[in-house]
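For the record, the sequence lines run as chains A and B.
Note that this note's numbering numbers the first sequence so that position 160 is 160, with each residue one more than the last.
Position in the second sequence counted from 1, then plus 1000, gives you this note's numbering.
Hints were generated in silico from the structure; no laboratory data involved.
This structure is a prediction, so every number in the text was calculated from the model and none was measured.
The beta carbon of each residue, even a glycine, is placed where N, CA and C say it ideally should be.
All clues stand as given, with none of them false.
Residues from chain B shown here face chain A by an in silico Cβ test under 10 angstroms; the list is partial: (1) I1015; (2) Y1086; (3) Q1089; (4) L1168; (5) F1172; (6) N1173; (7) R1175; (8) Q1307.
Computed spacing ranges between beta-carbons, pair by pair: (9) A:R2 x B:T1149: 43 to 53 angstroms; (10) A:G72 x B:F1225: 31 to 41 angstroms; (11) A:N27 x B:F1142: 48 to 58 angstroms; (12) B:F1225 x A:R159: 50 to 60 angstroms; (13) B:Y1091 x A:P166: 32 to 42 angstroms; (14) B:L1005 x A:G72: 38 to 48 angstroms; (15) A:H75 x B:H1023: 24 to 34 angstroms; (16) B:I1075 x A:R159: 47 to 57 angstroms; (17) A:E51 x B:I1156: 50 to 60 angstroms; (18) B:L1005 x A:P166: 14 to 24 angstroms; (19) B:W1152 x A:E51: 56 to 66 angstroms; (20) B:I1139 x A:D87: 35 to 45 angstroms; (21) A:E51 x B:N1020: 23 to 33 angstroms; (22) B:N1020 x A:N27: 21 to 31 angstroms.
Derived coverage of chain B by chain A (criterion: at least 3 residues anywhere in the stretch with Cβ under 8 angstroms from a Cβ of chain A; other residues may be distant): (23) 1016 to 1028; (24) 1077 to 1084.
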Amino acid sequence: MRYAMAIDTKKCVGCSDCVVACQTENNVPIGYCRDWIVEVTDGTYPQLEIELRSERCNHCENAPCVRCCPTGASHYEDGGAVLVTPDKCIGCGACITSCPYDARYSHPDGYVDKCTFCLDNRVKKGEDPACVSVCPTKCMYFGDLDDLNSDVSQVLKKRKWKTLIPEAGTKPHVYYLI
Amino acid sequence: MKEELITSGRMNPYIDPHLNIWHWQIPLYLFLGGLAAGILFFAALYTIQGKADKYPTAVKIAPLITPFALVLGLIALFLDLKHKLYFWQLYTTLRLESPMSWGAWTLMVVTPLSFVWSALNIRQIFPNWDWRYSWVKNIEAFFRKNIITLSWILLIFSLILGVYTGILFSAFNARPLWNTSILGPLFLASGLSAGAAAIVLISKNHFERKQMAKIDLIIIGVELFLIIHMFMGFLASTQVQIDAASLFLGGPYTTPFWLFVVTLGMVVPAVLEILELNGYRMPRWLAPVLILFGSLMLRFIIAYAGQESRWLY
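Same shape as in the complex, but just chain A (with noise of 0.2 angstroms):
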């Protein structure tokens, strides 16, 4: 099993609804987020293009931030989502500084935190991570890379995607249609 999100740059208006369902979801302390839209606008104006995304971890096959945790406590879970496990956190920063995409932070209680693609409290149960389940355009797709008839695997076979600076060696498993 590999969990994988693919999000649709075409349909997604930046709204923020992922964000404040994360936010609520995952009792996110005020002045944080776990996920966030970014926009990008490139070209010569008249023409100029904007790209919306909404970003969170990437839950990269081959991440940074595992590789460097002194104490294991950032793992990964069945099905690769990457996870931190609170009561092996020092809070050393390693993790936070390793992420080229800047996912993480630091947990006003002391440990590291970010996406955990609501593997615990909503995938285990069968439901869609809370961003994917409230997205007013339906922009997002979650599911299992490795069985061929899920969302994201058909979506993905379907459409062209990109992946965020795949230079850097991460191998994310958040997709991005464009």
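Model the placement of chain B on the given structure of chain A, informed by the hints.
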């Protein structure tokens, strides 16, 4: 005009607008660790070579600083942790992939050894020191008997500690400025240079001062060579590393780096030491103090600038 604008809705503390998670504790610790590594390296080296009498300060007196430096460094590291009560988790596992992990274990070896080495030489400061209990005296006798073995262990672990202070940074490919293997040898050289400077500063032995000053000159040469190569490497690399180098080549860290680290921390003390070796009278403390200052500034500037260098996507 071609536009490329990236707007992010994320505003996480210590992460945005650029990474700012490591503060003064880390570079201070890296400096103290490098300094201790440098001093212990020379102490072990001259003991192995049988030159303890020629270099009394390097072997017997300067190492007395190292327990304090290492403990202060460890306190700084502890202060940096944000989940402090769980610090012991570091010592429940050894993960060779993680420089932070094997670095923590290296400290666990070097720090007690620095105490042992200092205990063996405590009579340099307190000539009438008595260990009182016979079992302590037995331990002392054991280490004195095996001083060469102890020196070899210390030599190897001081080198690991010195290199580790740089590898801690260079292992992060997310921060293009740090992501160069030059940083390991550069920080090792800087630590050895700081160690030699500390010995010059303390020593009252003319021969020893002269020799250590010569060694320092060579190490400064190596450091300058490594710095030039580091920038050559950056400029010949990908755009992110070209951008990283530009922090020091016209960017906000240009003046601090080239003035404090290279000029005041390396070139000026090198010139002062050359003049002194040629018989000119100089304030004896000036060159070593500048070297120590430069070594500290190198850590601070690399630590802070590295956190500002990043991938844009």
